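As you go down the protein sequences, you meet chains A and B in turn. The numbering of the first sequence is our numbering, which starts it at 1 and goes up by one. The numbering of the second sequence is our numbering, which starts it at 96 and goes up by one.
Mixed in with the good hints there might be a few duds.
When the alpha-carbon atoms are kept at most 30 Å apart in a straight line, the in silico DSSO-like pairs for lysine-lysine are as follows [to be verified]:
id: 1; chain 1: B; residue 1: Lys508; chain 2: A; residue 2: Lys26
id: 2; chain 1: B; residue 1: Lys179; chain 2: A; residue 2: Lys40
id: 3; chain 1: A; residue 1: Lys26; chain 2: B; residue 2: Lys439
id: 4; chain 1: B; residue 1: Lys439; chain 2: B; residue 2: Lys179
id: 5; chain 1: A; residue 1: Lys22; chain 2: B; residue 2: Lys158
id: 6; chain 1: B; residue 1: Lys504; chain 2: A; residue 2: Lys40
id: 7; chain 1: A; residue 1: Lys2; chain 2: B; residue 2: Lys470
id: 8; chain 1: B; residue 1: Lys109; chain 2: B; residue 2: Lys508
id: 9; chain 1: A; residue 1: Lys47; chain 2: B; residue 2: Lys508
id: 10; chain 1: B; residue 1: Lys439; chain 2: A; residue 2: Lys75
id: 11; chain 1: A; residue 1: Lys22; chain 2: B; residue 2: Lys439
id: 12; chain 1: B; residue 1: Lys508; chain 2: A; residue 2: Lys2
id: 13; chain 1: B; residue 1: Lys489; chain 2: B; residue 2: Lys508
id: 14; chain 1: A; residue 1: Lys24; chain 2: B; residue 2: Lys422
Computed from the model, here is a short list of chain A residues facing chain B with C-beta under 8 Å [said to hold, decoys possible]:
id: 15; residue: Glu18
id: 16; residue: Ile19
id: 17; residue: Val58
id: 18; residue: Thr59
id: 19; residue: Phe87
Bear in mind the hints are in silico, worked out from the structure with no lab data behind them. As the structure is a prediction and not an experimental result, all values here were calculated from the model. Note that the Cβ used here is the ideal one computed from N, Cα and C, for glycine as well.
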Amino acid sequence: MKLSSQEVEYVAHLARLEITDKEKDKLTAQLNDILLYIDKLNELDTKGVEPMSHAIAVTNAFREDNIVDSIGTEKSLANAPDARGEFFRVPKVID
Amino acid sequence: MELHQLTIHELQEKIKEGKTSAEQIAESVFQRIDAVEKRVHSYIRLMKDEAMAVADKADKDIKKGDIKALTGIPIALKDIVCTKGISTTCGSHILHNFVPPYDATVVEKLRDAGAVFVGKANMDEFAMGSSTETSYFGPTRNPWDLERIPGGSSGGSATAVAADECIASIGSDTGGSIRQPAALCGIVGLKPTYGRVSRFGLVAFASSLDQIGPFTKDVEDCAIMMNVLAGYDPRESTSVRAEIPDYRQFVGHDIKGWKVGIPKEYFVEGIDPEVNSAIQKTITVLEKSGAKIVEISLPHTQYCLAVYYIIAPAEASSNLARYDGVKYGFRSPDSGDLLDMYKKTRMQGFGAEVKRRIMIGTYALSAGYYDAYYKKASQVRSLIKRDFEEAWKKCDVILTPTTPTPAFKIGEKTDNPLQMYLSDVFTISSNLAGIPGISVPCGFTSDGLPIGVQFLAGHFEEGKLIQIASAYEKNAKIEKRRPKL
Numbered sequence: 001m002k003l004s005s006q007e008v009e010y011v012a013h014l015a016r017l018e019i020t021d022k023e024k025d026k027l028t029a030q031l032n033d034i035l036l037y038i039d040k041l042n043e044l045d046t047k048g049v050e051p052m053s054h055a056i057a058v059t060n061a062f063r064e065d066n067i068v069d070s071i072g073t074e075k076s077l078a079n080a081p082d083a084r085g086e087f088f089r090v091p092k093v094i095d
Numbered sequence: 096m097e098l099h100q101l102t103i104h105e106l107q108e109k110i111k112e113g114k115t116s117a118e119q120i121a122e123s124v125f126q127r128i129d130a131v132e133k134r135v136h137s138y139i140r141l142m143k144d145e146a147m148a149v150a151d152k153a154d155k156d157i158k159k160g161d162i163k164a165l166t167g168i169p170i171a172l173k174d175i176v177c178t179k180g181i182s183t184t185c186g187s188h189i190l191h192n193f194v195p196p197y198d199a200t201v202v203e204k205l206r207d208a209g210a211v212f213v214g215k216a217n218m219d220e221f222a223m224g225s226s227t228e229t230s231y232f233g234p235t236r237n238p239w240d241l242e243r244i245p246g247g248s249s250g251g252s253a254t255a256v257a258a259d260e261c262i263a264s265i266g267s268d269t270g271g272s273i274r275q276p277a278a279l280c281g282i283v284g285l286k287p288t289y290g291r292v293s294r295f296g297l298v299a300f301a302s303s304l305d306q307i308g309p310f311t312k313d314v315e316d317c318a319i320m321m322n323v324l325a326g327y328d329p330r331e332s333t334s335v336r337a338e339i340p341d342y343r344q345f346v347g348h349d350i351k352g353w354k355v356g357i358p359k360e361y362f363v364e365g366i367d368p369e370v371n372s373a374i375q376k377t378i379t380v381l382e383k384s385g386a387k388i389v390e391i392s393l394p395h396t397q398y399c400l401a402v403y404y405i406i407a408p409a410e411a412s413s414n415l416a417r418y419d420g421v422k423y424g425f426r427s428p429d430s431g432d433l434l435d436m437y438k439k440t441r442m443q444g445f446g447a448e449v450k451r452r453i454m455i456g457t458y459a460l461s462a463g464y465y466d467a468y469y470k471k472a473s474q475v476r477s478l479i480k481r482d483f484e485e486a487w488k489k490c491d492v493i494l495t496p497t498t499p500t501p502a503f504k505i506g507e508k509t510d511n512p513l514q515m516y517l518s519d520v521f522t523i524s525s526n527l528a529g530i531p532g533i534s535v536p537c538g539f540t541s542d543g544l545p546i547g548v549q550f551l552a553g554h555f556e557e558g559k560l561i562q563i564a565s566a567y568e569k570n571a572k573i574e575k576r577r578p579k580l
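The shape of chain B in the complex, shown without the other chains (with noise of 0.2 Å):
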């Protein structure tokens, strides 16, 4: 195995019993990029020389002995937290010359806990998209065939980790943005509860939805992230000020007993029929290991989607009224007055994914439509929300699978937008709900395409999804397969 292979705990023995070095690591991972990255194109800007000084300063700790949780771990960001004096574009046209003054708490964090920041992954514009196909910047593609989407918004930071381009990365999931294209992938991606990770730093989207979350090659690497990552932050208001406890200690641990809740709403039609077998499969597994299948109803499952296409888009064209050319970013060099200037900038720097959610966004919350819509939304997403209640009355933890078919093909579904937001059926409703959810590897189709299973859990309990996660992935035995780049 080549070191750009390993999982964050191998790596971490490896450098404890003094067997390979920060530096070799960081190199191994960049040797790896200079192969395959003009392929996939995970990143919108790497940062090769900073990588090499964090590395080179990492080894110089070790040699103290001071370890901390990701010492000379290479990580990959979503080009969406803002990092201090390194451009921050959010795969926009609009913010393609964007310099933060400051860094995302998620990036304190991570730098503060020893890891090498190997670049900026790219994404769907603004995190609007399913695909990575929205990107100012060009699309991402699958490692596991070339010819597919990675799944997205957070694509790049999928792909980084699947083609062993960095050890983990940093995403942020609205309606699924981890979890999608963790499952597309074929690696582990967890969204937090909502407030477990500050926000402080990561571009808006939807704010009453957005959440950062870890992408890991195995469980116990998102044990480790999760470790780091999450936490109060005073600097965040919607940020709780609740325990944390040490995801590790959930890793390794028997699920005898647990009541897993199959939602019947999830398994209607639509779903592929190798995704339908594997999450079977996924079942039979978890009864070996002890747990007892309970099927339950979540009836608004139906509704999600709707829910998410007013509230999401509402939330975005408020947060998305900064870009005017103004304070930062992009602003249209042939204009005459200034609302000439901003509605020019807007159309020249928005890609059009990001125009017709501000579209609809501001239409659902324009004078006499707000009860229609916005109202009318906030109100099923409280249905949504009881649901999930009712639902823990009966099950410790939740399964579905993650996404309804595997990597679609690249342009697929670019004129579709109905059909392109129904990929983020099943990962919709946490968002909404607020709850956690984790992504699974969970076996492959005929044609070699990885298919994830998703758990979903009460708030603040991505804990027990840790567990089950876990035992699970050791249970299953799930064939450990790389992608042929």
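Just chain A, same shape as in the assembly (with noise of 0.2 Å):
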């Protein structure tokens, strides 16, 4: 096993979700199957081969710098599923 059960807990929090003991289990089992089958990659020596980072030759995307149209504040929070005046609203964050 790669991953314990404590690590997935571990992993659920850094990726803010919260998962029940049976999807702990469930999850431990199929990620560590995953997990075993992508150690494949480990029978390729990839000493200096570059990692690919862009499927094509990409340089950075420039433009000028002028002032355009957003949004603005009325649009942006109206999804929101809790705002007021010109914020989105949070349940507190400290005690």
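Quick one: dock chain against chain with the hints and give me the complex.
Given below as structure tokens:
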């Protein structure tokens, strides 16, 4: 097993996911299966191979720094589950 | 033939000759939807009122002689492209109530070309899946056999075309999500070169792999759609400033002297015998059409799936961090402090497959594991890209089956993620390399399920794909069948 049940719990915390014990057991088994499959990559010697970050040769995409219309506060907040005035509203962060 | 059964170019001829109107075409499509949608479930949301208003305007334009590339043509949109004022759910509970304040670039382009939007098509949640079973809104069924999956993730876009619930549609393809459902539903699907079609307004899954493309009833329609979709977009930083040819000029030419590469690594184990036999027949047709068949090698093929299942979830875990119950979409009603709200919102808002991929991606990117997984996968990705660069020295295009098997049964693979992932085994390599690929119907199994052949070409060579697909379509004379619904 590459991933223990505790590690799965830790990764879920990093991913900001609450998981039930039942989900944790299932995920532990499935993630281990997948990681075992991915181990295949270690058959290959990749020393000195440049990691590929782009499918095509892209250079910096600059444009002129002109002021254009933006969506604006009202529309930006329109989809918020909770908003007040010009702000997104969230539950309290600290006690 | 009913109007909803026709292709874009057939309808355009009728419109130009004054034999039909945009309104009649739209009515025909919505009647068809009324008749079959309950069984197929192609759509998450229909846009009938808007469609009829646009059709009415199209008819006024037609009377004035103002006919654009898609005037009056009913088009379905995968529910992953943002539509201003129309909900865009990505097949997820977490976005079930999201109404974008803007249109995706492809939506703008289609609108400007006169397209009539029929509705938002069903899909695997956040495009993660190969069967359209992970949609929060329920599965889509394959029109050729309602007990079977249509493929995915763009399943609804594929079935809407195959079941004549629209004339053409838009999908997105991260590892095969256009080509695989096109093959399983018996239609044409193209994934363009990375950077050819703007991703602005496409809800991001894996940003280095995602690409938007069309589903159509034939190859000529594919060219017509690409003429509208392709092009540089200043709002999208990976969009490429390359010249866009008129794709329609590639339709109807021969392929005499073309070298078609057959990668031996794609013909090993696990291919259904009927799929294999249809592919062998396809090769014979191409030989008779004057093409030369050459065996090639793509030696890193067996590593594509493993690379993909690091790169795609890693990018997804980062892209999907934005769904936190703050800016849009669902927020869990029963949460305490902020951290608890994030965790409960994401637990209740995402489905099992999405969570699984977020977990793999988060793990692969977490401290101490980055080199072992993401970096390693990105290095192997370079090797996969090099395989193709070597191959282009020996051939013009590459031929493979689109999928190893025909459509499988609903529920057959839902409990086994690795088995599900294997249905994309032939389509993933082109996303990793950024090259274009097309799936074209090449026959049926004895049970009447469609089979597709895939052609791949070098970067920005969609024209070649259209040319060989069109020549094949003409010379193969695949029996025209429609699903019995």
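Quick rundown of the hints versus the structure:
1. Lys508/B to Lys26/A: holds (16 Å)
2. Lys179/B to Lys40/A: Not OK: Lys179/B and Lys40/A at ~44 Å, beyond 30 Å, violated.
3. Lys26/A to Lys439/B: Holds. Lys26/A to Lys439/B sits at ~19 Å (cutoff 30 Å).
4. Lys439/B to Lys179/B: Holds, because 29 Å separates the two Cα atoms, which is no more than 30 Å.
5. Lys22/A to Lys158/B: violated (63 Å)
6. Lys504/B to Lys40/A: Holds, at roughly 29 Å.
7. Lys2/A to Lys470/B: Cα-Cα ~18 Å, so holds.
8. Lys109/B to Lys508/B: violated (44 Å)
9. Lys47/A to Lys508/B: At roughly 37 Å apart (the allowed maximum being 30 Å), Lys508/B and Lys47/A break the hint.
10. Lys439/B to Lys75/A: At roughly 26 Å apart (the allowed maximum being 30 Å), Lys75/A and Lys439/B satisfy the hint.
11. Lys22/A to Lys439/B: This hinted pair holds, its Cα atoms lying about 16 Å apart.
12. Lys508/B to Lys2/A: Status holds; Cα separation ~24 Å.
13. Lys489/B to Lys508/B: Violated. Lys489/B to Lys508/B sits at ~38 Å, over the 30 Å cutoff.
14. Lys24/A to Lys422/B: holds (28 Å)
15. Glu18: holds (4 Å)
16. Ile19: holds (7 Å)
17. Val58: Holds, about 6 Å.
18. Thr59: Violated, because the Cβ-Cβ distance from Thr59/A to chain B comes to roughly 10 Å (cut-off 8 Å).
19. Phe87: Since the shortest Cβ distance to chain B is 11 Å, the answer is violated.
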